[in-house]
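Enquirer: As they're listed, the protein sequences go chains W and S. When we follow our numbering, the leftmost residue of the first sequence carries the number 1, and every step to the right adds one. When we follow our numbering, the leftmost residue of the second sequence carries the number 1, and every step to the right adds one.
Hints are not guaranteed to be accurate.
From the structure, some residues in chain S lie toward chain W, with a derived Cβ separation under 8 Å [as the list claims (entries may be wrong)]: (1) Pro8; (2) Tyr10; (3) Phe103.
Here are the simulated distance ranges between beta carbons [stated by the list, open to error]: (4) W:Lys45 <-> S:Arg108: 17 to 23 Å; (5) W:Asn65 <-> S:Ser20: 41 to 47 Å; (6) W:Leu74 <-> S:Lys22: 35 to 41 Å; (7) S:Met15 <-> W:Ser53: 50 to 56 Å; (8) S:Leu54 <-> W:Lys45: 24 to 30 Å; (9) W:Gln69 <-> S:Leu54: 39 to 45 Å; (10) W:Ser49 <-> S:His73: 23 to 29 Å; (11) S:Ser39 <-> W:Lys92: 23 to 29 Å; (12) W:Gln69 <-> S:Ser39: 36 to 42 Å.
Since the hints were made in silico from the structure, they are not lab data. All C-beta atoms, glycine included, are put in the ideal place defined by N, C-alpha and C.
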Amino acid sequence: RKEVEQDPGPFNVPEGATVAFNCTYSNSASQSFFWYRQDCRKEPKLLMSVYSSGNEDGRFTAQLNRASQYISLLIRDSKLSDSATYLCVVRKYGNKLVFGAGTILRVKS
Amino acid sequence: DTAVSQTPKYLVTQMGNDKSIKCEQNLGHDTMYWYKQDSKKFLKIMFSYNNKELIINETVPNRFSPKSPDKAHLNLHINSLELGDSAVYFCASSPSDLAEQYFGPGTRLTVT
C-alpha cells in the first residue's frame, strides 16, 4: 500500500465549479499535512498547510480527519488558472515529506 | 533574484557517464534537499542536509553522492549513469527542518 494515496483524476470541471480532492495516508504517526500544487513541467509549490480544525484560504478549504487518516481539499469557484496537479503531502518525522502521486485538475471554459 | 536555482535545466547523457547537478539557494536557509520525480510523477526524497551535515539518506544507490560545500549549496554527483536514472531532479530548501520547503525549477535528466 502506498504511504499517501490520491485519485489521479483527471478531474475535468467547468469554470465556476466546486471540486474536491481526497487523500489517505497510511502512517498514523504522521505529524503534518500539506497540499502542494505543481504546474506542468514546473516545480511543486506549497498551496496550504492542513490543520486539524480545518482551514480556509480564499477559495480553498482543507480538512484533516486523523481518525480516518484522510485529508481533503475543496476548491470553490474554479478558475482556469487552477488547472494543475495537486499533491497531497505528509510529514512522517523530522523533515521527511512523503508526496502522493497527485490529482490532475483541468478547468475548462 | 531566483530563490532556489539549479543547473543545468536539461541534461542528456549516455549510460555509464558521470554527471553533476548543482543547486544554490539565496534564502539563507539551513536545510537543503534532493528529490527525484520519476515518469509516474512520484516525488521522492533522496537526501537532506542541515548546515552542511547529512541528515536524511534514503535508499539511494551509492552511485549518487551529494556534496554540500556550504549551507547555500547542495550538489548531486551521479556516477555510472543508468537508464533508470532518467527523471526530473528537484533541489529544495527550508529555513528549518520543520518549515515549508521551497523547490528549485528542476533538472530533467535523460540517460540514453
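Enquirer: Taking the hints in turn, state whether each one holds.
Expert: Here's how the hints hold up against the structure:
| no. | hint | verdict |
| --- | --- | --- |
| 1 | Pro8 | 15 Å, violated |
| 2 | Tyr10 | 11 Å, violated |
| 3 | Phe103 | 4 Å, holds |
| 4 | W:Lys45 <-> S:Arg108: 17 to 23 Å | 18 Å, holds |
| 5 | W:Asn65 <-> S:Ser20: 41 to 47 Å | 44 Å, holds |
| 6 | W:Leu74 <-> S:Lys22: 35 to 41 Å | 40 Å, holds |
| 7 | S:Met15 <-> W:Ser53: 50 to 56 Å | 52 Å, holds |
| 8 | S:Leu54 <-> W:Lys45: 24 to 30 Å | 26 Å, holds |
| 9 | W:Gln69 <-> S:Leu54: 39 to 45 Å | 31 Å, violated |
| 10 | W:Ser49 <-> S:His73: 23 to 29 Å | 28 Å, holds |
| 11 | S:Ser39 <-> W:Lys92: 23 to 29 Å | 24 Å, holds |
| 12 | W:Gln69 <-> S:Ser39: 36 to 42 Å | 28 Å, violated |
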